[in-house]
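Enquirer: Listed below, chain by chain, are the residues.
There are 4 protein chains.
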Amino acid sequence: MSVLIDFSIFPVDKGTSVSPYVARAVSIIQQSGLDHNLGPMGTSIEGDWPEVMAVVNRCFEALQTDCDRIYFTIKADYRKAGENRLSGKVRSVEKKLT
Amino acid sequence: MSVLIDFSIFPVDKGTSVSPYVARAVSIIQQSGLDHNLGPMGTSIEGDWPEVMAVVNRCFEALQTDCDRIYFTIKADYRKAGENRLSGKVRSVEKKLT
Amino acid sequence: MSVLIDFSIFPVDKGTSVSPYVARAVSIIQQSGLDHNLGPMGTSIEGDWPEVMAVVNRCFEALQTDCDRIYFTIKADYRKAGENRLSGKVRSVEKKLT
Amino acid sequence: MSVLIDFSIFPVDKGTSVSPYVARAVSIIQQSGLDHNLGPMGTSIEGDWPEVMAVVNRCFEALQTDCDRIYFTIKADYRKAGENRLSGKVRSVEKKLT
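Protein chains in written order, with the working numbering: chain A, 1 to 98; chain B, 1 to 98; chain C, 1 to 98; chain D, 1 to 98.
Hints are not guaranteed to be accurate.
[As the list claims (entries may be wrong)] Simulated DEER-style distance windows between Cβ atoms:
| no. | chain 1 | residue 1 | chain 2 | residue 2 | range |
| --- | --- | --- | --- | --- | --- |
| 1 | C | ARG91 | D | SER87 | 45 to 55 Å |
| 2 | C | GLU51 | A | ASP35 | 20 to 30 Å |
| 3 | A | LEU34 | C | ALA54 | 35 to 45 Å |
[To be verified] Stretch by stretch, here's where chain A covers chain C in the computed footprint (C-beta under 8 Å, at least three residues):
| no. | stretch |
| --- | --- |
| 4 | 13 to 21 |
| 5 | 67 to 73 |
Read the hints as simulated data drawn from the structure, not as lab findings.
The model shown is predicted, which means the values in this text are computed figures rather than measured ones.
For each residue, glycine too, the CB sits at the ideal point set by N, CA and C.
Full structure from sequences and hints, please.
Expert: Okay, structure coming up:
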């Protein structure tokens, strides 16, 4: 059983340079110990849903301390029989490329 | 303080007709008592973040009972000073239309 | 044949109040003549894919004139046999609510 | 000037194993020559907006040939002064991690 999410979060009230705030979230994701992969448009995180949501919560709370408007998106893919999908999904597609 | 989300959830292993599963989620959202608005591509829900997330959790658990693969998306907009934004955001845009 | 999208667009470099920019996009969507529905987290638009994309393009170009950073999201649902899904999808779910 | 998107596309009428269809789209993205990065929840693509949209179009058309229902999502981040952001955005965040 595995939930894989793509997660992005940033403040809308801080102007164009939001990377310090994104770094704050990424640091929390790293400390969680969950499998994750930092990408240019979001971070992929894999785990049980309660664990994954707890990390999302901590990221949101960390930005709430000094941001008045925050936007975040989650795309989630749950598969009952899934495991190690962070790398497995990419491998599965790559094998089928001709 | 308010979080407004757009939430969509559906199974990927049940073929083309997913509305029975969507209805199950919408029914849970209605029973939550939170302000919401059912749209063709997702349901908008407004509330405190813990309340909103609890509803998302219940929808996900309700589909897990008989779906092997589930996809869901959340777009969230938090505004510290916000209230009644489910209708307020639409009104604010409509006032500016010329 | 129908593509139904949920579309949201806003500048990231203009601070917290983005409704004037959203209104600019919504005005373009209205002028397109395509079926649409303005919601708090995005606008649903239905049509052929080339028509729908042309509208998205015009909205993006309209914001590019004075915005240095723009974020937008599209969720799209294509159904070969679909028609009038803007209202039809909601009705189909409502019928199944108990 | 650069648009960076996160793009995911899959059929909803083909059951749980959608990787052959995803591979078809990824193959088209690879042939486009645009900078891209395949991730577990989507592929990041960078380029001018017309180029990027042309690739999205080709992927959608390739799935339309044999899929009756298709879901796809785009998250886009435009920055007027941006370049090489596929790797640059990740580096910018990594530098700020402590």
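Enquirer: Each hint: holds or not?
Expert: Tested hints:
The beta-carbon spacing between ARG91/C and SER87/D, approximately 47 Å, falls within the hinted interval of 45 to 55 Å. At about 41 Å, the CB distance of GLU51/C to ASP35/A disagrees with the hint of 20 to 30 Å. A C-beta distance of roughly 41 Å is found between LEU34/A and ALA54/C, which places it inside the suggested range of 35 to 45 Å. Under a criterion of three residues with beta carbons nearer than 8 Å to beta carbons of chain A, the stated coverage of the stretch 13 to 21 of chain C is upheld, 4 such residues being counted.
Here the stretch 67 to 73 of chain C counts 4 residues with a CB under 8 Å from a CB of chain A, which clears the bar of 3, and the coverage holds.
Hint check: a violation occurs at hint 2 only; the rest are consistent with the structure.
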